[in-house]
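Q: Okay, here's what each chain looks like letter by letter:
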Amino acid sequence: MNLATVSLSYMRARRLSTSLNVLLLALGIATITLLLLATSQLEERMQRDARGIDLVVGAKGSPMQIILSAIYQLDVPTGNVSWQQAQELARHRFVKKVIPLAMGDNYRGFRIVGTTHDYVAHYGAQTAQGQLWRAPLEAVLGAEVAASTGLGVGAHFAGAHGMGGREGEQVHDQHQYTVVGVFAPTGSVVDRIVLTGVESLWAVHADQYDIKDIARIGELMADEEKEYTALLIQYASPIAAASLPRYINQNSAMQAASPAYETARLFTIIGVGVDVLRGFALVLILAAGLSVFIALYNALSERRYDLAVMRTLGASPAKLMSLMLFEGLLLALIGAVLGIALGHVLTGVLGYALTQAKQVSVTGMVWVNAELWLLVLAIAVGVIAALLPAWRAYRTDVAATLARG
Amino acid sequence: MFAVENLKHAYDGTEVLNVAAWRADQGAQWLVIGPSGSGKTTLLHVLAGILRPSAGSVGVAGQDLTALRAQQLDRFRGQHIGIVLQRLHLIPSLRVMENLLLAQYLAGLPQDRARAREVLKALDLAGKEAAYPHELSFGQAQRVAVARAVVNRPKLLLADEPTSNLDDGRCQQALELLLSMAQACNATLVIATHDQRIRARIPRHFELKAAA
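Sequences listed follow chains P and X, in order.
As numbered in the working numbering, residues 1 to 405 make up the first sequence, in order.
As numbered in the working numbering, residues 1 to 212 make up the second sequence, in order.
These aren't lab readings, by the way, just hints derived from the structure by calculation.
C-beta: ideal position from N, C-alpha, C; glycine also.
Mixed in with the good hints, there may be bad ones.
[Said to hold, decoys possible] Computed footprint of chain X on chain P; a stretch qualifies when at least three of its residues, placed anywhere within it, have a C-beta under 8 Å from a C-beta of chain X:
| hint | region |
| --- | --- |
| 1 | 3 to 16 |
| 2 | 312 to 325 |
| 3 | 390 to 402 |
Can you make the complete structure from the sequences, with help from the hints?
A: Okay, here's the thing in structure tokens:
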């Protein structure tokens with residue numbers, strides 16, 4: 001027998017009101033937990049995918065679209081850039097490294113990205129099975145792609161024209177890819193794409209160039225016909241940031257986009273939505289606090305004799321006060337723990353849905369330190385809601401209450 | 001055992017209690033009688049340390065109640081004074097056993113289930129430990145209220161109108177219960193009542209006059 005037993009017995013006696021209050025608080029906390037987990041993971045993943053890439057160059061168009069399509073494989077590309085211009089850029093003294101990307105086809109919604117082995121090295125991807133591509137039309141699958149399609153080393157598949165997700169795409173039946181390797185999971189964009197050499201993307205469209213020897217397509221194709229979709233660039237020196245983007249934008253048919261700037265802009269845009277949701281969750285928590293307050297206040301008038309009796313049994317006013325405070329605290333704590341658990345489950349569900357949609361994935365199986373602040377917030381709400389009822393319990397006039405009944 | 005002197009209490013300037021002197025020995029049994037509004041309940045509350053009188057001295061078991069700080073007074077009341085209220089007021093959300101343990105806990109005493117069980121058995125409540133108050137008959141609830149008042153072996157047992165609204169049979173039962181339980185722990189028993197039926201059973205009467 002202690003304060004907790006008494007509080008719990010009262011909470012049991014008012015099951016409906018107790019569960020309602022706990023539920024309200026849990027929903028608010030769950031929403032904020034979901035936002036915390038999802039945004040922190042998205043931010044982390046997007047930063048990881050863009051790490052070490054100083055500039056992305058694509059066809060003239062929206063810089064945001066270039067970043068989204070070339071780094072995150074989310075949006076459609078703005079167009080193509082010429083091979084010759086890419087060669088010129090690679091020779092620029094401010095450029096340390098150029099990783100070319102050729103896109104335009106997909107396999108069952110997963111993008112087929114033509115690039116060089118530099119791309120694999122940049123993301124630190126390791127093959128779990130097989131090896132990297134050596135010839136056109138050899139492909140290495142990202143971990144998610146392999147898991148989802150069930151393809152393994154030695155399998156053949158045909159790419160479809162387009163960036164995926166649409167019906168009735170033209171399938172390149174006559175130029176089938178051969179799977180030569182599967183990557184181990186990296187937690188980066190590599191997991192959800194099919195990687196191959198840039199020549200492969202040229203090869204599947206080789207008919208229009210009238211080339212039969214696919215293996216030597218890189219040599220046989222005229223340089224002015226060769227195209228990339230985008231170029232990932234590393235600067236040779238920090239000074240490049242000041243001049244190279246402007247140089248590209250003014251002196252070529254290409255568009256330079258800064259990943260750092262564009263992702264920051266993206267998060268400001270997403271941030272508005274996140275703020276709205278967060279506001280909504282705070283309103284829920286506030287409503288829960290109010291509901292706890294009303295419940296405890298009503299309980300107080302139901303219990304005024306109980307409280308007076310406890311005083312006759314030797315309880316000090318401070319003890320009655322802590323009884324009410326404890327009840328608010330307990331409600332808040334249960335609501336917070338339930339809410340955080342629910343938030344993790346919801347994030348897990350969201351992560352599953354995103355994986356199904358072949359988007360950036362999130363998981364509910366991580367802990368963010370900010371969740372501790374949620375616990376503090378919930379406890380504060382519970383205690384504040386219980387303050388006035390607790391003060392009234394403290395002020396119980398035993399003699400007057402007992403004399404009345 | 002207890003002694004009051006020149007006791008006065010007033011609400012909002014109106015005097016509701018005026019006792020020149022009254023003392024009782026340990027184990028004595030007293031009735032406080034008087035018409036409604038004569039201050040019976042107020043006197044009981046002063047003896048219990050629930051109410052601090054406007055003037056006068058109150059000593060219980062050798063302790064001057066007016067000298068105690070609020071928290072000491074609460075502790076003293078919990079450990080040495082048992083109170084049976086007219087409407088019983090068991091805590092409805094707690095089981096019978098828990099109501100008794102609560103009395104031990106709030107008095108700051110160790111929680112002694114054996115003692116609680118012993119008291120319940122003496123009051124013919126064995127087997128009702130796990131029942132909630134609303135599951136008890138009135139007679140059982142009254143016995144639980146008495147059990148709760150004596151579980152800490154009080155030196156002073158106070159009862160406020162314990163027999164009003166009871167029929168003759170139950171009135172006698174309730175009275176005998178209080179007398180026997182007070183005797184069992186050698187507590188001084190004070191019953192405030194206007195019930196004529198119990199006057200004969202307890203010879204010592206302290207009469208309060210209606211306030212002027």
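Q: All the hints need checking, so say for each whether the structure fits it.
A: Hint check results:
| no. | hint | result |
| --- | --- | --- |
| 1 | 3 to 16 | holds (count 6) |
| 2 | 312 to 325 | holds (count 8) |
| 3 | 390 to 402 | holds (count 3) |
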